[in-house]
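Trainee: Given only the sequences and the hints, what does the whole structure look like? Please build it.
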Amino acid sequence: MQGAGPISGSRSFLSKLREGDEIARLITFIFAASVVLITISLVYELWIGSALPRHKFGLHFFVSQDWDPVMDQYGALPFIYGTLVTSAVALLLAIPLGIGASIFLAELAPPRISDTLQFFIDLLAAVPSVIYGLLGIFIIVPLIRNVIYPALNKPFGFLPIFKGPSYGVGFLTAGIVLAIMVIPYIISVSREVLLSVPRDQREAALALGSTRWESTWKVVVPFAKTGIMGSIFLALARALGETMAVTMVVGNSPKIAASLFAPGYSIAAVIANDFTEATGELQTQAYIELGLVLFLLTFILNGLARILIIVTTQKGSKVSN
Amino acid sequence: MKRTAVLLMAVLVASGVVWAQGLLINGAGASFPYPIYSKWFDVYHQKNGNMQFNYQSVGSGAGIKQVTEGTVDFGASDGPMNDEQLKAYQDKRGSEILHFPTVLGAAVPTYNVPGVSATLNFTPEALAGIFLGKITKWNDPAITGPNQGVNLPGNEIVVVHRSDGSGTTYIWTDYLSKVSDEWKSKVNKATSVNWPVGLGGKGSEGVTALIKQTPNSIGYVELIYAAQNNIPYGTVKNAAGTFVKADLKSVSEAAAGAAKDMPEDFRVSITNAPGKTAYPISSFTWLLIPSKIQDNAKRDAIKGFLTWMLADGQTYAEQLSYAKLPKEVIEKEKKAIAKVQ
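Residue numbers (this note's numbering), protein chains in the order written: chain W, 168 to 488; chain U, 34 to 374.
These are computed hints drawn from the structure, not numbers from a lab.
Don't be surprised by glycine CBs; every beta carbon is placed ideally from N, CA and C.
Among these hints, one or two may not hold up.
Stated by the list, open to error - Only some residues are given here: those of chain W computed to face chain U with a beta carbon under 10 Å: (1) 301; (2) 305; (3) 308; (4) 411.
Mentor: Listed below in structure tokens is the structure:
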């Protein structure tokens, strides 16, 4: 064939394009590049679309608590606070439960049970978020009001996080609903990762005299640490962006409160609620700026995740060397 | 493969030809009147097969924006356009935009007080105080006063409002702005406000769900929603001093009472209207029609629809639980149709 040869660097691009390999490489490169392009254009649109409030409020947007469409004053702090608090509560509840469940499914359960339970967990992950919102309103809200609030407020009411009255809806309710939504993600990914740990590791640990639990907790889980952390950050990403389920149970009140029982608001919820009826350029663009803030938040948290993974794997490899 | 492609092209071309024959008029706006607009456009299309009205219920704010941009032929809004928006339209499109009231809606106070099954009477002062966060207990004298004989507990009131921007919020805050100076200066009226207290529910469904789930709560929903879902609601004292329970008749009365002083452009708030049996928290919902329509066919179609809407169209309103326009307003509107050119 004309131009074919083992030294690919010496040929022109077009002649390289005749081979199937190069075409495949080019096409898949275009696909990958398009993802990056879409992200860049998304950020660009958010940036351009929020010009008015950015110029008017500047960095004050991040620290002001006042969201008043009538007076045209916009401050994002209550929403940032609500997004972070509900996601934090969700992760605090979901991580121990999720990892514990995945350890059981991967290490300790017979394979048949493990597969059956995994089927149900996949089902849970596929349920639309609005259904979780309904679950929240009709089951978790009364649960909070009648069971959880008395149990936590009476003995621990002096703590700022458990102070004050409970309306059923609030940060804690939203956190619990979000936890239920992200647990399947943690379980699925962690279980896969744990199952893929080579058998030699377990066998070596058991051969050295460790108990079943010791081999699981001290050998297998640390080996799978990267994957498990990846699943946690996947869960975090879902929790940050969750809209419908949160807006149905968080109370939709743009106020900052230390108590977990107080009603709050999140960025995604307020955009979903108010954007379509926004009147006036400044108000509309303020919601777009909120979208930009959420994107920034996700970006920063994912960046921290990456750094954490790099640091711990480096530490791990240093130790093993 | 080639044959299917040719067949597909033929079908597409044919359907394109068929579609191109009818006149398509696009509108967008308020979600509150969507059911009745749907019905009207459908019935009107049956009568005039060659024209089709397409309405998207994207919200009043979006409707105003789109008709100003010119992406739709007409808009719809639960709140009249303010002077700033009128000017924006004038600057952008070079002509005026006209408001045509179509039907009437109302907002009613709904509540969930354990042990109370009676219909509660609310004064304007009570409602303003509750929503400002000043009246905090159910057995406050402002509430117990007009409800002698009802055993109201001393529990904390939980206020519920709409979290999404909505025409119902506009009606409610417009009323509170009229009856309470403090509300007007602190909160004012809009489709979305900075509520002093309370939980937010998404949509009338969200508010209703929250009220049902939360004892000692009070909130507001559209009259239609309350009627169709059998939700108990209270009475409100009107400007004449009567406690009126909202129904189609009392809402129409509010419009009739306001008809005498109605401005020519119909941009009027009819909350707290005069009239012995008028329900004070009522409002029009408007179609926003450009005063200059270039396309002759579209202009005639729209004018024809408006004429029909004021006559036969009104008969469909009550079936769908909307209050129809009173005679006085219909007469004024018929004359105003001539302004569309």
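Trainee: Hint by hint, where does the structure go against what was stated? Just the numbers, ascending.
Mentor: none
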